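> Single-letter residue listing:
2 protein chains.
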Amino acid sequence: MIKLQEIIRSHQRIKPFILRTPIFTNNSLNKMTGTEIFCKCENFQKSGAFKIRGATNAVELLSQSDMEQGIATASSGNHGAALSMAVSRRKRKVTVIMPDNSSKIKVDNVLRNGGKIIWCKPNQESRENTLKEFVKETNSIIIHPYNDKNIISGQGTAALELIEEQPDLDVIITPLSGGGLLSGTLCAIKNIRSEIQVYGAEPKEADDAYRSLIAGRRLSNKTTNTICDGLRAQVGEINFSIIKEMVDGIITLSEKQIIDAMYYIWERMKIIVEPSSAIVLAAVLKNKSIFAGKKIGLIFSGGNVNLKDIPW
Amino acid sequence: MIKLQEIIRSHQRIKPFILRTPIFTNNSLNKMTGTEIFCKCENFQKSGAFKIRGATNAVELLSQSDMEQGIATASSGNHGAALSMAVSRRKRKVTVIMPDNSSKIKVDNVLRNGGKIIWCKPNQESRENTLKEFVKETNSIIIHPYNDKNIISGQGTAALELIEEQPDLDVIITPLSGGGLLSGTLCAIKNIRSEIQVYGAEPKEADDAYRSLIAGRRLSNKTTNTICDGLRAQVGEINFSIIKEMVDGIITLSEKQIIDAMYYIWERMKIIVEPSSAIVLAAVLKNKSIFAGKKIGLIFSGGNVNLKDIPW
Chain G
1075 MIKLQEIIRS
1085 HQRIKPFILR
1095 TPIFTNNSLN
1105 KMTGTEIFCK
1115 CENFQKSGAF
1125 KIRGATNAVE
1135 LLSQSDMEQG
1145 IATASSGNHG
1155 AALSMAVSRR
1165 KRKVTVIMPD
1175 NSSKIKVDNV
1185 LRNGGKIIWC
1195 KPNQESRENT
1205 LKEFVKETNS
1215 IIIHPYNDKN
1225 IISGQGTAAL
1235 ELIEEQPDLD
1245 VIITPLSGGG
1255 LLSGTLCAIK
1265 NIRSEIQVYG
1275 AEPKEADDAY
1285 RSLIAGRRLS
1295 NKTTNTICDG
1305 LRAQVGEINF
1315 SIIKEMVDGI
1325 ITLSEKQIID
1335 AMYYIWERMK
1345 IIVEPSSAIV
1355 LAAVLKNKSI
1365 FAGKKIGLIF
1375 SGGNVNLKDI
1385 PW
Chain S
1075 MIKLQEIIRS
1085 HQRIKPFILR
1095 TPIFTNNSLN
1105 KMTGTEIFCK
1115 CENFQKSGAF
1125 KIRGATNAVE
1135 LLSQSDMEQG
1145 IATASSGNHG
1155 AALSMAVSRR
1165 KRKVTVIMPD
1175 NSSKIKVDNV
1185 LRNGGKIIWC
1195 KPNQESRENT
1205 LKEFVKETNS
1215 IIIHPYNDKN
1225 IISGQGTAAL
1235 ELIEEQPDLD
1245 VIITPLSGGG
1255 LLSGTLCAIK
1265 NIRSEIQVYG
1275 AEPKEADDAY
1285 RSLIAGRRLS
1295 NKTTNTICDG
1305 LRAQVGEINF
1315 SIIKEMVDGI
1325 ITLSEKQIID
1335 AMYYIWERMK
1345 IIVEPSSAIV
1355 LAAVLKNKSI
1365 FAGKKIGLIF
1375 SGGNVNLKDI
1385 PW
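For the protein sequence lines, the chains are G and S, in the order given.
With our numbering applied, the first sequence covers 1075 to 1386.
With our numbering applied, the second sequence covers 1075 to 1386.
Where hints are given, some of them may not hold.
For chains that are exact copies, the list does not tell them apart, and a pair is met inside one copy or across any two.
Claimed, not checked - In silico lysine to any residue, SDA-like type, Cα no more than 25 angstroms apart, as pairs: (1) Lys1190 to Val1209; (2) Lys1105 to Leu1093; (3) Lys1105 to Ile1179; (4) Lys1178 to Tyr1338; (5) Lys1369 to Arg1166; (6) Lys1190 to Gln1143; (7) Lys1296 to Phe1091; (8) Lys1167 to Thr1099; (9) Lys1330 to Phe1112; (10) Lys1190 to Pro1096; (11) Lys1178 to Met1106; (12) Lys1178 to Glu1142; (13) Lys1318 to Lys1330; (14) Lys1105 to Lys1210; (15) Lys1167 to Met1106; (16) Lys1210 to Leu1093; (17) Lys1278 to Ser1214; (18) Lys1178 to Glu1341; (19) Lys1278 to Thr1099; (20) Lys1178 to Ile1097; (21) Lys1105 to Lys1382; (22) Lys1210 to Arg1094; (23) Lys1089 to Arg1342; (24) Lys1178 to Asn1101; (25) Lys1330 to Asp1182; (26) Lys1165 to Arg1083; (27) Lys1167 to Ile1082; (28) Lys1190 to Glu1341.
Everything labelled a hint here was simulated from the structure, so no lab data went into it.
These numbers come from a predicted model, not from an experiment.
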């Protein structure tokens, strides 16, 4: 559990370096879902995703001598790009361990923001081992994409802004992968208005957190054949302990449900969200009867899509 | 020429029925162009385009007996959908004469908003004749998509909002087809701050207004082989007389320049604009040296793209 005070302090710390993203509403989607939807558009965020919040918070807390030691991380893309941006501002470079099937736009974003890439195989083991080896050689400091209290605290600031502008929400839904965004949201929201229900949305094809919640202990994914390239990680230890304690539920979605939701958002809202964002609308569409008539905050986590490979 | 006072009155009239669209900025595009860009996002407007402004203004000015006579128009799509929406609110139906190659999303938008469609061939002559016949039979009132003072006055309200929030612009660029948006923008802006330069952006493949400006009289297009399905009409009479008097220039763009600009907007701004909107960014990219260092307002006119037929 991270204290609300810590998230508020993180918000003060990162405010000068991030965007206050807008909250979009849309009549078409309200009609389609029978709810009232408020979308926190982190797809418009710097680096194209909410990840800049946690990354900036973590990097701002490093001393100058930490910085000189070098920074490294493992990321499928959005955290890597965000961390590259946050570290570049402090005139250093970050090394990002990336799966060799990462989407082109995410690779480009890391490089454009000054990160260096080392490739690994697209599984948890290769990711962790490649990072471990690199750190052993270079003595770099690791900033984990989600299993890190400073990261979680930074990610919680998106929900803080959402609830500040829209205090009367009944429900908030965030995408769920490693759990940084969901655990940060839980620590922010449940400390402000505990009656707001908070859900995670996870692809059926990488539903480790859903199964972990049932089992009561962290399980892993054997395969992660999901279009949601931001939602393939295993839920983190710190993240899972927070989620287990406070989450109101995890909703799993099929690939078709995710792609359909993405199409609706593009067509009706005229904004570009990645599949990993669209999953939160899919969660509402799948559970219309449960959510009917409610005010629902959706966190659209990012907008980094390869525009030359659109899934319809 | 339409008086500023008339545009301000139109704004008061339509305000309850339209969205105040946001103005987006983007560091990436500023760097790419060497300018400071302010995008008036009418792609987020009701019905997906600025056309709802003029249509609402014209419809609100009709008497109840006018309404009962029936309303008709000819439109490639966005005006038709907007007029359908404005007329539906007054519990009537509109008949829209549409070219039989209109994009699917625009056809769907007309139908969804309660319009009836009559097909014509995709040229100015067939458009006009089909409409003329229909009106002869039914005695409907025509609301022209652009050659109409109430429409022009309504379209001018987008620029009014832009300049209200961003008064220190050096330049404003709008797409140019029939000339409703450009002539409305000119009447609003040149009456508020005449030193602001106002340009129209027109596809090379349908550059009748550009050629007309040189010739000093209205010319037509022999072909209109442009991806900009909203920019294939011939400039209107009233529109041309306003444009001729006040415009600072017309910039023509190739299909490739338009598509490239559309790609940049989608990729960097994470918003969906149609080719007819993207043309205004193409105009800046083509003339970097002229616009260097300036504050430029771009009117993104609409976001109605067939997502299953993306041009890259």
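> Now tell me, hint by hint, if it's right for this structure.
For each hint, the structure was consulted:
In this homomeric assembly, Lys1190 and Val1209 come within 25 angstroms of each other (Cα to Cα) only inside a single copy, at 14 angstroms, whereas the closest approach across copies is 66 angstroms. In this assembly of identical chains, Lys1105 and Leu1093 lie within 25 angstroms of each other by CA distance solely across copies; the values are 18 angstroms between and 30 angstroms within a copy. In the homo-oligomer, the alpha carbons of Lys1105 and Ile1179 lie at most 25 angstroms apart only across protomers (19 angstroms), although the nearest pairing inside one protomer, at 33 angstroms, exceeds that limit. Proximity of Lys1178 to Tyr1338 under the C-alpha cut-off of 25 angstroms is found in both arrangements, the shortest distances being 24 angstroms within a copy and 15 angstroms between copies.
For the homomeric pair Lys1369 and Arg1166, neither the shortest alpha-carbon distance inside one copy (43 angstroms) nor that between copies (32 angstroms) is at most 25 angstroms. Taking CA atoms no more than 25 angstroms apart as the test, Lys1190 paired with Gln1143 passes inside one copy only; the shortest distance there is 15 angstroms, against 68 angstroms between copies. For the identical chains of this complex, Lys1296 and Phe1091 are neighbours neither inside a copy (38 angstroms) nor across copies (52 angstroms), given an alpha-carbon limit of 25 angstroms. With identical chains, the CA atoms of Lys1167 and Thr1099 are never at most 25 angstroms apart, being 38 angstroms at best within one copy and 27 angstroms at best between copies.
Taking identical chains as interchangeable, the C-alpha atoms of Lys1330 and Phe1112 lie at most 25 angstroms apart only when both belong to the same chain, with a minimum of 23 angstroms there against 37 angstroms between chains. Proximity of Lys1190 and Pro1096 under a CA criterion of 25 angstroms is satisfied in neither setting, with 31 angstroms inside one chain copy and 36 angstroms between copies. When the C-alpha separation of Lys1178 and Met1106 is checked against a cutoff of 25 angstroms, the pair qualifies only between copies, where the shortest distance is 20 angstroms, while the shortest distance within a copy is 33 angstroms. Taking the shortest Cα distances, Lys1178 and Glu1142 never come within 25 angstroms of each other, neither inside one copy (29 angstroms) nor across copies (56 angstroms).
In this homomeric assembly, Lys1318 and Lys1330 never come within 25 angstroms of each other (Cα to Cα): the closest approach is 28 angstroms inside a single copy and 52 angstroms across copies. Taking the closest pair of Cα atoms, Lys1105 and Lys1210 never come within 25 angstroms of each other, the shortest separation being 55 angstroms inside a single copy and 39 angstroms across copies. For a Cα distance limit of 25 angstroms, the shortest separation of Lys1167 from Met1106 across copies, 23 angstroms, qualifies, whereas the shortest one inside one copy, 46 angstroms, does not. For the identical chains of this complex, Lys1210 and Leu1093 are neighbours neither inside a copy (36 angstroms) nor across copies (56 angstroms), given an alpha-carbon limit of 25 angstroms.
With identical chains, the CA atoms of Lys1278 and Ser1214 are never at most 25 angstroms apart, being 35 angstroms at best within one copy and 55 angstroms at best between copies. In this assembly of identical chains, Lys1178 and Glu1341 lie within 25 angstroms of each other by CA distance both inside one copy and across copies; the values are 23 angstroms within and 12 angstroms between. When the C-alpha separation of Lys1278 and Thr1099 is checked against a cutoff of 25 angstroms, the pair qualifies neither within a copy, at 27 angstroms, nor between copies, at 37 angstroms. For the homomeric pair Lys1178 and Ile1097, neither the shortest alpha-carbon distance inside one copy (28 angstroms) nor that between copies (29 angstroms) is at most 25 angstroms.
For a Cα distance limit of 25 angstroms, the shortest separation of Lys1105 from Lys1382 across copies, 23 angstroms, qualifies, whereas the shortest one inside one copy, 31 angstroms, does not. Taking the shortest Cα distances, Lys1210 and Arg1094 never come within 25 angstroms of each other, neither inside one copy (38 angstroms) nor across copies (55 angstroms). For a Cα distance limit of 25 angstroms, the shortest separation of Lys1089 from Arg1342 across copies, 21 angstroms, qualifies, whereas the shortest one inside one copy, 30 angstroms, does not. For the identical chains of this complex, Lys1178 and Asn1101 are inter-copy neighbours only, at 21 angstroms across copies versus 33 angstroms inside a copy, given an alpha-carbon limit of 25 angstroms.
For the homomeric pair Lys1330 and Asp1182, the shortest alpha-carbon distance between copies (23 angstroms) is at most 25 angstroms, but the shortest distance inside one copy (27 angstroms) is not. Within a single copy, Lys1165 and Arg1083 get their C-alpha atoms as close as 24 angstroms, which meets the 25 angstroms cut-off; across copies the closest is 53 angstroms, which misses it. Taking the shortest Cα distances, Lys1167 and Ile1082 never come within 25 angstroms of each other, neither inside one copy (28 angstroms) nor across copies (53 angstroms). Taking the shortest Cα distances, Lys1190 and Glu1341 sit within 25 angstroms of each other only across copies (22 angstroms), while inside one copy they are farther apart (36 angstroms).
Of the numbered hints given earlier, the model fails hints 5, 7, 8, 10, 12, 13, 14, 16, 17, 19, 20, 22, 27; all others are met.
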